[in-house]
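Take the given structure of chain C and dock chain V to it, following the hints.
Number of protein chains: 2
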Amino acid sequence: MKTMEDTGTMFGQIDPPQRLLMGPGPVNVHPRVLRAMTADMLGQFDPEMTGYMNQTMALYRQVFMTENRWTFLVDGTARAGIEAALVSLVEPGARLLILRAGRFGLLLSEIAQRIGAEIRTIDIPWGEVAPPEQIEAAIIEHRPQVFATIHGDTSTTMAQPLDGVGAICRRHGVLSYVDATATLGGMAVATDAWGVDVVTGGLQKCMGGPPGSAPITISDRAAAHIMARRHVEAGIRGADAQDGSRTRIGSNYFDLAMIMEYWSEKRLNHHTEATSMLYAAREAARIMVEEGLEARFARHRAASEAMAAGLRAMGLTLYGQDAYRMANVTGVFIPDGVDGERARTRMREEFEIEIGTAFGPLAGRIWRIGAMGYNAMKHKVLITLGALEAVLAAEGHALPRGAGVDAARASYEAMPGAAPGAAS
Amino acid sequence: MKTMEDTGTMFGQIDPPQRLLMGPGPVNVHPRVLRAMTADMLGQFDPEMTGYMNQTMALYRQVFMTENRWTFLVDGTARAGIEAALVSLVEPGARLLILRAGRFGLLLSEIAQRIGAEIRTIDIPWGEVAPPEQIEAAIIEHRPQVFATIHGDTSTTMAQPLDGVGAICRRHGVLSYVDATATLGGMAVATDAWGVDVVTGGLQKCMGGPPGSAPITISDRAAAHIMARRHVEAGIRGADAQDGSRTRIGSNYFDLAMIMEYWSEKRLNHHTEATSMLYAAREAARIMVEEGLEARFARHRAASEAMAAGLRAMGLTLYGQDAYRMANVTGVFIPDGVDGERARTRMREEFEIEIGTAFGPLAGRIWRIGAMGYNAMKHKVLITLGALEAVLAAEGHALPRGAGVDAARASYEAMPGAAPGAAS
Numbered sequence: 001m002k003t004m005e006d007t008g009t010m011f012g013q014i015d016p017p018q019r020l021l022m023g024p025g026p027v028n029v030h031p032r033v034l035r036a037m038t039a040d041m042l043g044q045f046d047p048e049m050t051g052y053m054n055q056t057m058a059l060y061r062q063v064f065m066t067e068n069r070w071t072f073l074v075d076g077t078a079r080a081g082i083e084a085a086l087v088s089l090v091e092p093g094a095r096l097l098i099l100r101a102g103r104f105g106l107l108l109s110e111i112a113q114r115i116g117a118e119i120r121t122i123d124i125p126w127g128e129v130a131p132p133e134q135i136e137a138a139i140i141e142h143r144p145q146v147f148a149t150i151h152g153d154t155s156t157t158m159a160q161p162l163d164g165v166g167a168i169c170r171r172h173g174v175l176s177y178v179d180a181t182a183t184l185g186g187m188a189v190a191t192d193a194w195g196v197d198v199v200t201g202g203l204q205k206c207m208g209g210p211p212g213s214a215p216i217t218i219s220d221r222a223a224a225h226i227m228a229r230r231h232v233e234a235g236i237r238g239a240d241a242q243d244g245s246r247t248r249i250g251s252n253y254f255d256l257a258m259i260m261e262y263w264s265e266k267r268l269n270h271h272t273e274a275t276s277m278l279y280a281a282r283e284a285a286r287i288m289v290e291e292g293l294e295a296r297f298a299r300h301r302a303a304s305e306a307m308a309a310g311l312r313a314m315g316l317t318l319y320g321q322d323a324y325r326m327a328n329v330t331g332v333f334i335p336d337g338v339d340g341e342r343a344r345t346r347m348r349e350e351f352e353i354e355i356g357t358a359f360g361p362l363a364g365r366i367w368r369i370g371a372m373g374y375n376a377m378k379h380k381v382l383i384t385l386g387a388l389e390a391v392l393a394a395e396g397h398a399l400p401r402g403a404g405v406d407a408a409r410a411s412y413e414a415m416p417g418a419a420p421g422a423a424s
Numbered sequence: 001m002k003t004m005e006d007t008g009t010m011f012g013q014i015d016p017p018q019r020l021l022m023g024p025g026p027v028n029v030h031p032r033v034l035r036a037m038t039a040d041m042l043g044q045f046d047p048e049m050t051g052y053m054n055q056t057m058a059l060y061r062q063v064f065m066t067e068n069r070w071t072f073l074v075d076g077t078a079r080a081g082i083e084a085a086l087v088s089l090v091e092p093g094a095r096l097l098i099l100r101a102g103r104f105g106l107l108l109s110e111i112a113q114r115i116g117a118e119i120r121t122i123d124i125p126w127g128e129v130a131p132p133e134q135i136e137a138a139i140i141e142h143r144p145q146v147f148a149t150i151h152g153d154t155s156t157t158m159a160q161p162l163d164g165v166g167a168i169c170r171r172h173g174v175l176s177y178v179d180a181t182a183t184l185g186g187m188a189v190a191t192d193a194w195g196v197d198v199v200t201g202g203l204q205k206c207m208g209g210p211p212g213s214a215p216i217t218i219s220d221r222a223a224a225h226i227m228a229r230r231h232v233e234a235g236i237r238g239a240d241a242q243d244g245s246r247t248r249i250g251s252n253y254f255d256l257a258m259i260m261e262y263w264s265e266k267r268l269n270h271h272t273e274a275t276s277m278l279y280a281a282r283e284a285a286r287i288m289v290e291e292g293l294e295a296r297f298a299r300h301r302a303a304s305e306a307m308a309a310g311l312r313a314m315g316l317t318l319y320g321q322d323a324y325r326m327a328n329v330t331g332v333f334i335p336d337g338v339d340g341e342r343a344r345t346r347m348r349e350e351f352e353i354e355i356g357t358a359f360g361p362l363a364g365r366i367w368r369i370g371a372m373g374y375n376a377m378k379h380k381v382l383i384t385l386g387a388l389e390a391v392l393a394a395e396g397h398a399l400p401r402g403a404g405v406d407a408a409r410a411s412y413e414a415m416p417g418a419a420p421g422a423a424s
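Taken in sequence, the protein lines are chains C and V. The first sequence begins at 1 in UniProt numbering and counts up by one. The second sequence begins at 1 in UniProt numbering and counts up by one.
No wet-lab data here; the hints were simulated from the structure. Note that the structure is a prediction, hence the values are computed from the model and not measured. We treat Cβ as the ideally placed atom computed from N, Cα and C, and that holds for glycine. Mixed in with the good hints, there may be bad ones.
Derived list of chain C stretches under chain V, where covered just means 3 residues or more per stretch with a C-beta under 8 Å from a C-beta of chain V [what the hints assert, rightly or not]:
hint	segment
1	36-47
2	204-216
Chain V residues, not near chain C, derived (Cβ > 10 Å throughout) [said to hold, decoys possible]:
hint	residue
3	R95
4	H142
5	Q145
6	R170
7	E350
Just chain C, same shape as in the assembly (with noise of 0.2 Å):
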């Protein structure tokens, strides 16, 4: 055997800079999460263990807005919700129709693609939405099995509006999917209002949380579905394991149905519960409750409010509608003649704050501003948009100085009963 004292590289502590985290995601994790994530393990079939997971599911019905019986996480980060959800409800050369208006929509057929999927696209150029009527309308002409459509899509900062969608497909037959990793915690994600039936998140944008775990919600008629594609492990199945008469689900790892019996009373083993990523979830659950979803939306409006006003009187003009715009995440075009980039590295390296940058046709056109979960507060929004006046004066762009917070601070204090901090 080679002993590793001859190459041994060794490292110092993890002790990364405290730096402000104000783009799209991740941002800065509640430190009462961090903390959570210090309990030690307990074995996966514990009663306390389950206890906590049906705890989790009590939680996340909260946060998803829904009665669903089917809430849960997925053991992997947000784009790890999305392809469970995806490959357990299409089924492959059924068709599924994708409304595409960013970045993450052209995700959604990337993934469905894999999964050999007929695929059909509303395309819609970045920075606008569809309205219902253009959704039904493509619904009649493509007949999918499933529509699926991304909530807040951050590489543009717009938010698809979903009222009605959920009846639209119900009237038509269609299962629905929603993407809400860059909304859920920060904007209302109606699950039951909107009738739709599949609804996945992250935990590291307006949660407070960490990357690494995929809340998810399944209406009764979606699990009914992708029950009826299930097929029970060799290695665990019973005399009395029945599979499903549908098409085998294309993957082990993210078969809702096998991670449903998981979570299920029946506790059938499948993959081991990432059990600190459980306790991150639950614990960014319990603060979002305990704040209230109303309060907790207002704060992100009321952060988001600021931030555009402080942008708009810097003199710089904000990208897409604001209409649509995502209560989190603004965009802002970078001024003729500053090198994004170099802006954003003087951002970091001077004074710790990180903004984002864009992808794709807004790739060094625009930045992205968060203002998400722990960081949608008002001094970390005074904080970020002092230090971008700098950085753009450093740059050589001319600009009023201290416009920025002041008309921050009077969005604020606009704001009638605003809270100034986090939770109320």
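Coordinates of chain V only, in the frame set by chain C:
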């Protein structure tokens, strides 16, 4: 909007019982790993974050005893690493030869079926291992694209010897995959010495970390095979994007070609790295490298031998062949007349100690008692044996009182220079 005050359900802080987890995993996490997870987030392309990613790669090269450039983490539990390896290596319709000697061998076929692989198997009785000649004969007979096996299958507590297996595969132009989830950090997982192509693991067993991150290492020839299946995502592809010539990988999340580009200097965006789990994985590896691999493997062997000696001195019969026993989990027959689950419950309720149940043909016949990672320590072995003795006596099973603990102590004392506690 529905107000949550009506239905609000609240639960208390995470506060698990301080339980000693002496089953087949997850086990208690090293306190340093838990503390590492309290560090706050970094932007995913911050130099500090990519620096930690590079350090993690260097550390896991030591853990996997390899010089493979491609050594990194898959964001999900150990099962996610298995699926990423198989879906990225095995093309639909290609032949996969699986050595099956327990539940996790069955899991490999389960996953491979979903991929559409043409599966061939070497099936050997649970509790046995396959000699290299048997593996070579099956490779010659079936001519697979990939050969896959489990190193230590916790369902049987046996470790498959892998010396020479990589050379056999290379001689016949076959790629090789090893699942080392249950042995990584506890027994030598000698990637380069074995000459195998892809090895995956988990944190929650001998690495002394929480479940939720799957370390992986990939040889250059396997990486070339996987990169020939790459296709760049539409949302981030530049004008210079080049797609490979082989069948596209059937999963986006588990597309190792894309994950490699994320971990490479290119830093092509894929998922958002699970930062807290990266911190945990990095700290677990740091502890292992500090302890020294040989010392760590000796610590696991010492705990395992003492556990075996203690169980035998109590009059119990071990399961499986001594020569091929894993050095971190021991199977022991439940004595006649004892209800295995009642005894396990009593262990948990009276002593706060968990020992493991069993799957499939071994369910109700054996317990599986682990001494893994932070729990492969003398005092934990002694405490577990003492508790098991008391529980068996309480359940009416006659046995020599004190014999188990004394035999385990003697086993430790007989080991020249054996460290009494944890790290040397």
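Quiz item: What are the numbers of the hints the structure violates, in ascending order?
Solution: Violated hints: none; all satisfied.
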